[in-house]
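A.B. asks: We have chain A already, so just place chain B on it with the hints.
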Amino acid sequence: MTLLAESDNSSSEAGLFYSTWGSGVMGGYNYSNEIHIGASLSSGDTTTESEGPGTLIKSQSTFMTFNAFTRFYLRELDITDGLFAEAGLAFRNWNGTGKITEKSTKAKIASLKMKWSPVVIVTGVGWHKVWGSGLSFSVAMNASIGGSRTIEYTENMHRFSDSMKKDLEKKTDYPTNLVIYIGYSF
Amino acid sequence: MIKYIFLLFFSIFLHSGCGEELSTSTTDDSANITKSLLTGTWTAKCVDNTTASTSSNTVLVFSTSGDNLAATTTNYSDLSCVTQSSVLTKKLNTLELGSKTKTSQNQIINKFTAKVTDITLEPKTSSVIMSLNKSSFCELTGWGSGETSVAGQTCGSITYNAVNDIHSDIIQINSEKTFIRLGNITNAASTGYPKTLYSQEYYK
Chain A
952 MTLLAESDNS
962 SSEAGLFYST
972 WGSGVMGGYN
982 YSNEIHIGAS
992 LSSGDTTTES
1002 EGPGTLIKSQ
1012 STFMTFNAFT
1022 RFYLRELDIT
1032 DGLFAEAGLA
1042 FRNWNGTGKI
1052 TEKSTKAKIA
1062 SLKMKWSPVV
1072 IVTGVGWHKV
1082 WGSGLSFSVA
1092 MNASIGGSRT
1102 IEYTENMHRF
1112 SDSMKKDLEK
1122 KTDYPTNLVI
1132 YIGYSF
Chain B
11 MIKYIFLLFF
21 SIFLHSGCGE
31 ELSTSTTDDS
41 ANITKSLLTG
51 TWTAKCVDNT
61 TASTSSNTVL
71 VFSTSGDNLA
81 ATTTNYSDLS
91 CVTQSSVLTK
101 KLNTLELGSK
111 TKTSQNQIIN
121 KFTAKVTDIT
131 LEPKTSSVIM
141 SLNKSSFCEL
151 TGWGSGETSV
161 AGQTCGSITY
171 NAVNDIHSDI
181 IQINSEKTFI
191 RLGNITNAAS
201 TGYPKTLYSQ
211 EYYK
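Chains A and B, in that order, are what the protein sequence lines are. Position 96 of the first sequence, counting from 1, maps to 1047 under my numbering, and the rest follow consecutively. Position 132 of the second sequence, counting from 1, maps to 142 under my numbering, and the rest follow consecutively.
Pulled out of the complex, with its shape left as it was, chain A reads as follows (with noise of 0.2 Å):
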């Protein structure tokens, strides 16, 4: 078995994740034994459609997100070979629309509006591999600090009531990140 750098003198590497916030290239460039350098760019939508009493309700959001990083291994214990802390800072284009209408009438009944800030800071901790054949694989656990977002309600017919606000705003919120990666280094 053997580790990043340690046995493997290649440089950079690049390939591809699966994360919360969508999904995307990774690459990166190891400036030494501890440090590593890259940069992941993603995109995800989601769209639902479910079917409430009497109601439709159509949700649609989009994930683009850039996101420039920074790793630190921890090489000094084997056991904690291959554990990394990260932080970097993510430039998103998040937004999100949703819209309820009857379905007898097709009245609008109300709708919503979500737009996320465009740039956080993010860091998280995970842990990284590299095989003798260049085959990389990365799981990390990242979460955002510093963003923000607003969330426009419009009232058609209905008002919204604060435990549906609350529940759809915890829905809605996406602070961490799972990040699964599978790439090659060379």
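Counterexamples of contact, computed for chain B against chain A with all Cβ distances above 12 Å:
hint	residue
1	Ala62
2	Thr64
3	Val69
4	Thr74
5	Gly108
6	Asp128
7	Glu132
8	Thr135
9	Leu150
10	Gly154
11	Gln163
12	Gly166
13	Ala199
Capping the alpha-carbon separation at 30 Å, the derived lysine-lysine pairs in DSS-like fashion look like this:
hint	chain 1	residue 1	chain 2	residue 2
14	A	Lys1009	A	Lys1050
15	B	Lys101	B	Lys112
16	A	Lys1117	B	Lys112
17	B	Lys55	A	Lys1050
18	B	Lys121	A	Lys1050
19	B	Lys112	A	Lys1009
20	B	Lys112	A	Lys1050
21	B	Lys205	A	Lys1116
22	A	Lys1054	B	Lys112
23	A	Lys1064	A	Lys1009
24	B	Lys121	B	Lys187
25	A	Lys1059	B	Lys187
26	B	Lys55	A	Lys1054
27	B	Lys45	A	Lys1057
28	B	Lys45	A	Lys1059
29	B	Lys187	A	Lys1050
30	A	Lys1117	A	Lys1066
31	B	Lys121	A	Lys1117
32	B	Lys110	A	Lys1009
33	B	Lys205	A	Lys1054
34	B	Lys55	A	Lys1057
35	B	Lys55	B	Lys125
36	B	Lys112	A	Lys1066
37	B	Lys101	B	Lys187
38	A	Lys1122	B	Lys112
39	A	Lys1054	B	Lys214
If you're looking for bench data, these hints aren't it; they were derived computationally from the structure. Because the structure is a prediction, the values reported are computed rather than measured. All residues carry an ideal CB built from backbone N, CA and C; glycine is no exception.
C.D. replies: Using the frame of chain A, we list chain B on its own:
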């Protein structure tokens, strides 16, 4: 050194992820109901009763001033609103629109009150006249082909308002202003206003 940076980022990570700062705003884009908006004729679609093999439709006519309302329900002896059997008309005046509010189900509505000027029932066929007289419908026996006032009378399971009673109701309009709904008067709160809306729409 790296160990400390690692610990720093790790501790920042532990203290983050609690959610982003949220700001919300709510815009009321519902239509404002005014008397001038209501003025005119609003017609409901034919509603069939397959159990009784009958149907009915209701027409609401708001006067030009918006002060008067005539709600005319025509009953039919078939399922597709073709053969008239009777016509029930509720006439109201001094209509007063309340401000915008909501039902317990969060439907945006306006309350309104109006004074009852008359409620009439007009049989449309001789067989209906015979039936009404035979059963002394509304405790009346002199049913003829014209309109008969049933205001203040109990007709079957329904007791109608008397003349000069105040009719309390709720009204909803969609934001496109293409239809209105009235309250379900059989489900009134202690205030006298219906608690819920009828699902039936009236189109202009």
